[in-house]
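**Q** Top line first, the protein sequences correspond to chains D and P.
Heads up: the first sequence at position 184 corresponds to 184 in my numbering, and the numbers run straight through without jumps.
Heads up: the second sequence at position 26 corresponds to 26 in my numbering, and the numbers run straight through without jumps.
Watch out, some of these pointers could steer you wrong.
Cut-off 16 Å, straight-line C-alpha distance, at most; resulting in silico cross-link-like pairs (EDC-like, lysine to aspartate or glutamate) [stated by the list, open to error]: (1) P/LYS142 <-> D/ASP54; (2) P/LYS104 <-> P/GLU279; (3) P/LYS327 <-> P/GLU388; (4) P/LYS424 <-> D/GLU63; (5) P/LYS144 <-> D/ASP54; (6) P/LYS424 <-> D/ASP54; (7) P/LYS260 <-> P/ASP96; (8) D/LYS33 <-> P/GLU247; (9) P/LYS43 <-> P/GLU388; (10) P/LYS54 <-> D/GLU509; (11) P/LYS301 <-> P/ASP286; (12) P/LYS320 <-> P/GLU247; (13) P/LYS260 <-> P/ASP102; (14) P/LYS427 <-> D/GLU63; (15) P/LYS43 <-> D/GLU509; (16) P/LYS106 <-> P/GLU273.
Worth flagging that the hints you see were computed from the coordinates, not collected in a lab.
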Amino acid sequence: MKLNIAVVERGPMAIGLLIALFLLLFLGIPVAKVIFVAFQDPNTGQATIINFVDFFRNSLFRESFVNSFYVSAMSVVLASILAIPLAYFTTRFNFGGAALIQTLGIIPLIMPPFVGAVAMQLLFGANGSVNLLLDEHLGFTIPFMEGLNGVIFVESLHYFPFILINLSAALNNVDRAMEESAQNLGSSGLRLFRRIVFPLALPGYVAGAALVFIKVFDDLGTPLLLNVNNMLAPQAYLRITSIGISDPMGYVISVILVAFSLLALWVSLLSMRGKDYATVQKGGGGLMRRDLKRWEKLGCYAVVIFILLLVLSPHIGLLLLSFGTIWSFAVLPDAFTLEHYYTVISTSSQYISNTLLYAGLAALFDVILATAIGYVVWRTKLVGRKWLDYGATAALAVPGVVLGIGYLRTFHSVEVPIIEEPLASWWVIIVVAMTIRRLPYALRACIAAIQQVSVMLEEAAENLGATKGRTVWRILVPLMSGGILAGFVTSFATASVELSATIMLVARETDAPLAYGIYEFMQSASGRGPGAALGVIAVLFVGIGTYVSHVIIERTKRSREPKPIVSEGVPA
Amino acid sequence: MNRFIKHGLAGVALAMASSPLLAVDGTLTIVTSYPPDTTNTFKAAFEKKHPGVKVEMLKKKTTAGIKYLQEISDNNSADMFWASAPDAFEVLKGDDLLVKYDVKVKGIPEKVGSFPINDPQGYYKGFAASGYGIMWNTRYLKAKKLPIAKNWADLKDPVWHGHVGMSAPSRSGTTHLTVETVIQGMGWEAGWAEWKAIAGNFKTVTERSFGVPDGVNSGQFGAGIVIDFFGLSSQASGFPVEFAYPEVTTLVPANIAIVKNAPNQPAAEAFIEYILSSEGQELLLDPKIRRLPVNPETYAKAPADFPNPFKDKSIGAAVKFDLGLSKGRYNVVNSLFDVMITYRLDDLRDATKAVQDAEAAAMGKSNNEANALIEQARALINQVPITEARASEEDFAGIFKKKRKKSTDTVTGRQAEVEQEWDKQVKANYAKAEELAEQAQSLL
């Protein structure tokens with residue numbers, strides 16, 4: 001009996017081992033090469049945990065820890081408030097422009113480094129447009145961007161798409177027959193949502209919420225942009241970059257970040273244990289989307305438009321910045337011009353093509369890896385399979401600069417055969433770094449998707465004689481397509497603005513991606529406009545890509561849908 | 001001064017007559033922290049001069065650039081390192097990653113202000129000078145009715161509370177120099193007290209040095225403590241900002257060096273010669289670059305209001321900068337600044353505000369008890385955890401250096417341990433100071 005299982009699982013085992021090897025080679029070893037310092041006595045070089053003792057003895061670090069936790073938890077709450085209405089309205093009701101709303105909802109993830117920060121400050125800062133207007137007309141200002149609350153505000157705007165995307169994918173996967181039954185039994189409105197729809201979509205929500213939590217916990221950019229130093233990630237970063245690479249405290253904090261992220265993940269898995277979320281029927285097969293009454297529709301549109309305006313405001317600011325001449329202590333730029341776009345297009349087009357190539361490849365590898373890991377974790381009984389999930393997710397908590405240095409250290413002496421160049425300065429290493437750094441996003445999406453597919457469907461296919469591979473390819477992957485797409489989009493969008501690891505790895509300007517170009521522009525006063533223009537172009541490309549993939553998914557879904565025999569609630 | 005100019009003139013003439021252009025070609029890879037305005041200008045001009053060479057500018061933050069060169073050193077692919085902070089070059093020199101080079105161009109004096117232009121051992125060369133100063137946003141000042149601040153002391157005024165920005169010395173080498181300059185100029189205790197009084201008015205301590213001009217340009221805060229070319233180039237780009245050198249400032253050279261085992265050393269040498277030639281020096285006057293040339297000759301071609309440190313002796317001359325002293329306590333000063341100011345900015349700000357309010361209330365009244373409390377509060381804020389002598393003790397400073405070169409080396413004490421002690425003291429002091437100031441206020 002035991003032997004039989006082994007034979008059946010030989011394929012997955014090989015895949016699992018390959019992935020484990022990949023993670024070890026491109027995540028485990030490079031990171032270990034850098035962070036072993038955390039376990040080393042700075043004076044003697046012996047193995048020790050004294051550095052961790054130092055950490056917890058220091059009141060600043062303890063405070064940072066509490067602050068990071070508080071900010072992460074509150075960001076999840078605020079992000080949920082933003083994401084749930086958007087996801088529910090667009091997946092459950094006949095709602096004009098649902099694909100557009102879903103696309104616009106993803107755009108906040110593509111916040112180009114630096115320029116995004118400047119745009120936010122110009123809009124919401126102490127002397128930003130909103131506060132200047134408030135001060136002029138109402139005589140008071142709101143400190144949107146001050147302290148921990150500022151961090152929560154910005155983080156929620158930035159990361160709520162993680163919940164939106166995963167929850168939408170999950171809502172689309174819920175068997176509508178369940179909702180139909182509930183409705184037939186008289187449930188409707190909030191009760192229907194609270195008791196039936198939301199619990200069934202919980203894997204998607206938890207996947208998104210866990211991502212938001214971990215991401216905020218580890219996020220560096222936002223606290224730095226707001227100059228909030230007393231949180232963990234900025235402390236790690238500041239220590240590594242200012243005191244130097246051999247300072248143990250930076251790595252102690254990194255280790256704590258990784259450990260805590262894994263803990264958060266484990267808790268999120270625990271919360272779902274013992275529950276079965278799989279439904280045999282996939283969404284779209286059951287109930288048609290419901291219609292809204294006229295006033296309900298108006299209300300929904302008002303909510304949606306308000307949320308969109310709020311979450312897209314940084315990009316509106318970015319757009320103004322890219323067309324503006326001088327924008328300083330004023331509600332709007334002094335004048336408008338196209339010059340920045342000319343500058344960018346004439347000097348920086350290689351950044352755009354590089355980014356499309358790198359981020360596209362990275363996102364593709366990510367969904368392949370994520371689907372494979374999801375399969376191994378949820379469809380096999382291999383020993384230690386959960387560690388693939390944990391291992392890949394740990395990448396979330398590894399600071400980009402640590403990964404970048406680890407790569408240089410590990411792969412600089414490895415020559416790539418044909419091109420005769422060190423692996424660390426070949427452009428492919430940038431793709432690998434992006435793949436590793438964005439794998440957790442794709443992974444959460446794919447795992448949520450696979451949890452919602454009933455294993456019975458695969459068993460049925462196998463009973464009918466399909467091989468394992470064919471079952472995965474023809475049954476599982478198509479049923480997971482929503483989640484896989486969600487994973488692709490998040491990975492692609494976020495990889496296209498990745499900076500911290502790539503800036504260490506770019507060895508030639510011609511190989512550089514867009515984020516690097518923006519960074520370059522943002523080093524000078526005259527580069528603000530062109531940097532913003534480049535940011536707008538990045539957002540446009542990713543936005544168009546997302547929109548097209550939504551349209552494709554919707555179309556294939558429709559072609560698979562059975563024609564309804566009796567259509568209920570025909571629009572008047 | 002005149003001697004320098006004469007020297008310079010003769011030197012340039014000599015150099016032009018005696019050095020025919022050597023033919024160089026191939027790719028020249030330069031690791032640099034400079035913005036495209038600077039790099040593109042020099043790249044284009046140099047490629048025009050040497051048509052065979054293709055220049056590849058590799059942009060890295062200074063700290064990342066150092067790291068990059070260290071990591072690739074066993075298989076080096078970079079030719080040059082080009083950045084501002086002299087201490088970055090010191091690190092590379094210490095790691096034996098640079099090569100000596102004797103410049104052929106003549107006419108560059110030995111010092112700018114009180115700072116030597118070139119590395120005395122010849123590993124890196126200064127090509128431009130920069131000094132720290134104050135830049136301010138004219139619209140911001142007008143809207144908030146703030147006076148123009150031209151000296152460090154002006155920024156201590158309570159009207160500036162919450163309107164000043166600066167980068168941390170641990171983040172930027174040039175900021176470090178400013179901090180050190182003021183401390184050397186005023187003395188250890190008074191210098192730190194000055195910084196804390198200014199920092200009590202900070203809106204923010206930015207993470208990147210460019211965050212300061214960015215913040216002033218967009219009006220997030222009114223004034224920033226910045227390096228001159230940030231201020232001058234922002235102004236040249238059209239932002240409503242102005243810049244001034246305070247009396248106490250230091251001019252420091254921005255540098256360039258050839259990396260050891262450079263794949264294309266001849267081209268690297270040609271680049272150094274070019275950047276120091278009168279043609280290369282003139283490029284620095286470009287409004288988007290705006291750095292102070294190290295060749296005194298070049299100032300003849302500068303716009304009228306361009307600061308000239310070789311003529312205007314008030315720039316950077318007030319302080320005799322002691323390089324050795326600065327180097328010995330480099331990391332200690334950074335760490336002190338971070339512990340006392342960067343990481344405890346909120347506490348410091350609150351304490352400062354309380355003291356400022358109490359002082360305003362005490363103005364014109366003679367309540368001795370309140371005045372004593374205020375004085376006590378000030379003293380608590382100003383307290384520095386260690387003495388000047390202690391900061392320079394080799395054993396103590398060694399804790400912050402973390403240079404355990406061989407696995408057999410040992411040093412005593414851990415930075416984290418020391419900082420945690422300081423932090424405890426500083427936090428308690430600020431809290432107590434706030435309390436005393438409030439107490440004083442209640443008496444008035």
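**Q** Is the Cα-Cα distance between P/LYS144 and D/ASP54 16 Å or less?
**A** Answer violated: P/LYS144 to D/ASP54 is near 44 Å, above 16 Å.
**Q** Measure nothing beyond the straight line between the CA atoms of P/LYS320 and P/GLU247; if it is 16 Å or shorter, mark the hint as holding.
**A** holds, 13 Å
**Q** Between the alpha carbons of P/LYS43 and P/GLU388, is the straight-line distance 16 Å or under?
**A** Roughly 45 Å between the alpha carbons, so the hint for P/LYS43 and P/GLU388 is violated.
**Q** Keeping to a limit of 16 Å between CA atoms, is the pair of P/LYS427 and D/GLU63 held or broken?
**A** holds, 12 Å
**Q** Take a quick look at whether P/LYS54 and D/GLU509 sit within 16 Å of each other, Cα to Cα.
**A** holds, 12 Å
**Q** Does D/ASP54 lie within 16 Å of P/LYS424 when you go C-alpha to C-alpha?
**A** holds, 13 Å
**Q** Please work out if P/LYS260 and P/ASP102 have their alpha carbons no farther apart than 16 Å.
**A** Status holds; Cα separation ~15 Å.
**Q** Measure nothing beyond the straight line between the CA atoms of P/LYS104 and P/GLU279; if it is 16 Å or shorter, mark the hint as holding.
**A** This hinted pair holds, its Cα atoms lying about 15 Å apart.
**Q** For the pair supplied as a hint, P/LYS106 and P/GLU273, confirm whether the alpha-carbon distance does not exceed 16 Å.
**A** holds, 10 Å
**Q** Would you check the hint for P/LYS301 and P/ASP286, treating anything up to 16 Å between C-alpha atoms as holding?
**A** holds, 11 Å
**Q** Mind checking the alpha carbons of D/LYS33 and P/GLU247 for me, to see if they're no more than 16 Å apart?
**A** With a Cα-Cα distance of about 48 Å, the restraint between D/LYS33 and P/GLU247 is violated, given a limit of 16 Å.
**Q** Given the proposed pairing of P/LYS43 with D/GLU509, does the C-alpha separation stay at or below 16 Å?
**A** holds, 13 Å
The structure fails to meet hints 1, 5, 8, 9 from the earlier list, while all remaining hints are met.
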